[in-house]
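The listed protein sequences derive, respectively, from chains A and B. The opening residue of the first sequence carries number 41 in the working numbering; numbering runs sequentially from there. The opening residue of the second sequence carries number 620 in the working numbering; numbering runs sequentially from there.
Simulated from the structure, these hints should not be mistaken for laboratory data. Fair warning: this is a prediction, and the values are worked out from it, not measured in the lab. Just so you know, even glycine gets a beta-carbon here, dropped at the ideal spot from N, CA and C. Among the hints, a few may not be true.
Unchecked claim - Restricting the straight-line Cα-Cα distance to at most 30 Å, the calculated cross-link-like pairs of lysine-lysine (DSS-like) are:
| no. | chain 1 | residue 1 | chain 2 | residue 2 |
| --- | --- | --- | --- | --- |
| 1 | A | K140 | A | K112 |
| 2 | A | K332 | A | K342 |
| 3 | A | K247 | B | K649 |
| 4 | A | K127 | B | K669 |
| 5 | B | K669 | A | K134 |
Said to hold, decoys possible - Have a look at the derived ranges for each label pair, beta carbon to beta carbon:
| no. | chain 1 | residue 1 | chain 2 | residue 2 | range |
| --- | --- | --- | --- | --- | --- |
| 6 | B | G653 | A | G347 | 41 to 49 Å |
| 7 | A | R232 | B | S635 | 23 to 31 Å |
| 8 | A | A243 | B | T624 | 44 to 52 Å |
| 9 | B | T624 | A | R335 | 30 to 38 Å |
| 10 | A | D233 | B | T624 | 40 to 48 Å |
| 11 | A | S103 | B | K669 | 33 to 41 Å |
| 12 | B | R672 | A | G227 | 29 to 37 Å |
| 13 | A | Q160 | B | G670 | 19 to 27 Å |
The primary structure of each chain is shown beneath.
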Amino acid sequence: MNNGSYNMGRPMIMHIDLNSCFATVEQQARPMLRGRPVAIANRRTEHTSIVTASYEAKALGISLGMKVREAKRLAPELVVLESDPPKYRYVYHKLMDIMKRYSAHITMKSIDEGVIDFYQTTGEIQERDLVEVGYEIKDSLYREVGKVMNCNVGIGPNRFLAKTAAGLHKPNGLDVIDHTNLRQTLGTLKLRDLTGIASHNEARLNKVGIYTPLQFLDADATTLQKIVFKSIVGQQWHRRLRGWEVDDTSHDVKTVGRQYVLETRGMPRAQILQRLHNLCESVGHRMRSQGKAARGVFVYAKSPTSGYWHRRHMAPLPFYSNQAIYAQAALLFVEAPEDIKEIGVSCYQLEDDTDKQLSLFGDELARVQRVTAAIDAINQRFGDGTLHSADTLGTERHVKQKIPFGSTRYL
Amino acid sequence: MNDETFLNERVQVVASFGEGLNLCRPLAFKRPSGREVTVSELGLRHPANKGVRTVHIFDVTDGGTDYRLEFDTERLTWHLTMEADHYE
């Protein structure tokens, strides 16, 4: 490991990013949408935010996070579709299959992007020109998923520079960043173009006179560690920018949560609680699918008048049943403000659901465990939501399963 | 903003089963009204699970309207579940 100089090795990390993924998949599936501005939202209401926009929509000024109402005002011809998770999941698995042809060491970073580590693959593949491999992957996507599908490919000596390269020429670009063009490439970017630098980190850098990626690159490790980031993070940035790998890490699942924007304002509390209950069932199912039990429950509510409200509760024993999660969430929610527009619930302090601990506490817990396992088995056999609490009956029309951004655990 | 119509029509389908990436390809279908639709392009085929039962979803077009056909692999039935006309 060399902290001071650039990584002069051959760039062997490839980052693949599907362009405007959900919108492109819809345009692939539905030929009449091609060439039209398309936006994907999680629900078909005007207050919902756009999660993906096609390039045609982006050209009209539509951006991610924009409310559907605002987007329609900007572009009345915009076609807004509700997200269709199984379709995107299929394309995700196709992309993953294509990537696995080149290395067993692939990491899916989210539903629409993944990394191939060519440092850890066969000599035969390593000998190949990776630019050629990049074009081959684009071609496979085109032939095996459809002619509208395209992706950005970035190649670099580490994950950070590979991702940066993948973002240089959208859509459908292929770029390489290595020690020979690192300074030149960073010279064309702004701080906020760098993954991991948002407003907060930008402000930290600005405080010490760093306004460009090149100035960031030239900053010494001590300044970054002791003055800018005040932690090991500064040292990591110093290495990351120079092409040394610091991001090849995996994280254990720490929380499982869901949120929901209420379909109407001024909803009666009883109906809000039903939706909270639905979220708790979904969280419980996800948590158990990872073999986890929780110790804590966190709830929040957003209100236009009262702002952000949240409460948490730590239980003395681990729990995992839907009823246990909802019982605690509902109790916490008693203090929630009026005029709620969004709710959310998470389980935290997760631990492996090993039966040993639970069996110490007698028949009642064992019974809950068996009932929960039976419910999960029935839902697995006949489909999610086949068996649920009577209280949540009808809420599935509103609170649908959505695409988990940033995590591929449930895909 | 919503130009999609969601349906649950049992339809009769002529499909080819062959080789290549799309082993099954719907070519034409007949709706309960008697209207026949000729498929000009298969946009995407993807599987979806309904419990342990798999349905294959075919997004197709006749060149003017997009349709969604679902093939239930357990019951061997076809349903038209969506049509969308984006020219409105």
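Worksheet entry | Numbers of the earlier hints that this structure fails to satisfy, in rising order | 1, 3, 6, 7, 9, 12, 13
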